[in-house]
Every structure is written in C-alpha cells, then in structure tokens.
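With full-length UniProt numbering applied, the sequence shown corresponds to residues 1 to 203, in that order.
Treat the hints with care, as some may be off.
[What the hints assert, rightly or not] Across the chosen pairs, the derived CB separations fall in these ranges: (1) L104 with S145: 18 to 24 Å; (2) S199 with E11: 23 to 29 Å; (3) V135 with R23: 38 to 44 Å; (4) E11 with D46: 22 to 28 Å.
Simulated from the structure, these hints should not be mistaken for laboratory data. Note that the Cβ used here is the ideal one computed from N, Cα and C, for glycine as well.
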Amino acid sequence: MSESVFVGLCEIMGTSQQVAGRREGTVIREMVIRRITPNDGIIQMDSGSRREGFKLKGSDMDTMFWPNNHRVIMDMSQSEYYNTANTTLILSDSSESPPGFTLLQLLTPSRYNEVQSAHIDTTLSQAALDELLVVVHCDQGLYVSEYCRDISWEILGICQQITGNLQAALYSYQQSPTQYPFHKIQTATQRRIQDVVQSIPLT
C-alpha cells in the first residue's frame, strides 16, 4: 500500500491509534454502564462499524437495548448460576440455524410483554412472509414508499434467509442497494450478500 493511499484512508477512517482509542472508549463506557445499571434497568449495546471504532460517512448504526435482568445462556447447565426469581433466562440454540443466526427460547417468564409474546407461530410467520413478498414485489415495489424500499427488500431478504430460501434472499438483498438509500444500510447489505453467496451450495 502506498503512503498516499494510507494517508487517504487515515483521513477517512482515522489513524489506527484513533480507531483503537474509539473502540477502547466504547468498551470502557459499556463496562461502566453495566456495573451501575440496576438489575431491572436497560442496557444499551452498540455493534457494527461504529462499535469497532470506525466513523465512516453513511455507515449504519447498530444499537440494541437489553433488559439487564435478561440473560442469554448457551447451555442448559448454565442456568444453575442464575437466580431465576429475578432473572429471565433465554437459551440460544444455533444447532439447526443457518450461519449467522440462532434460535432463542424463553426459559423463564419475562415481565416485558414484548419478550413474553415473542413466541413464533410458523404458520402465521409464513403467511406474513407471503404478504411481505407480495407488497415488496408488486409493481416493482411501487406500493412501498421510496423511503422504505431499501429496508423492505432487506427485511424480506432476512426472512427468506431464515426460512432457508437462499436464492430468493440473495435476490432481495441485491435489490436493496438499488433503491433510494434512505436508511444507509448498504454496508450491512453487502455483508449479507457475501454470507448468502458463501452459503449457497455449488452446483
């Protein structure tokens, strides 16, 4: 890599020290917040390029809000380490999921209706996916506001990928960047396209 290219990248992303400093600052901030957040409080978790210290123009922001008393475990044996009287346990099982996805099973009740009602009815889910497919595809998506077309294709692709329809998911992901880029999700879209391409079996 030439010096001029390196200097140009540093102007766009920052120097390696600046990127590392931003990343370390985020980690420290999250550690402090987690320690002072009460058990029934809400934790904010960032991910994506900004979490890694990059501040790129147009990059997407990934933020998740998580109840502090909800804990995800990877194995049932880990449940013995938690007091289920004041902690909601969620089991993560990726044994039958495509790469990058996992199934979450609520093991103990949650006081949050959004969490408690998150059980998936597969019949209703397929019906909803069919409806979304019609809306997004109908008349080249003209029924969908131009400000929602990129995210609509993205959501459709995610649903198709989860159900195992990789060819349809690839098509949907490829359509998303061709729309008006209102939600600035191009980076995530390209990553999903790469994941799907790698997952499609060679014929």
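Against the structure, the hints:
Range check, L104 to S145: about 31 Å between beta-carbon atoms, so the 18 to 24 Å window is missed. For S199 and E11, the Cβ-Cβ distance of about 36 Å falls outside the hinted range of 23 to 29 Å, so the restraint is violated. Remark: the range hint 38 to 44 Å for V135 to R23 is upheld by a beta-carbon distance near 39 Å. Checking the proposed 22 to 28 Å range against E11 and D46 shows it holds: the Cβ atoms sit about 24 Å from each other.
Checked against the numbered hints given earlier, the structure breaks hints 1 and 2 and satisfies all the rest.
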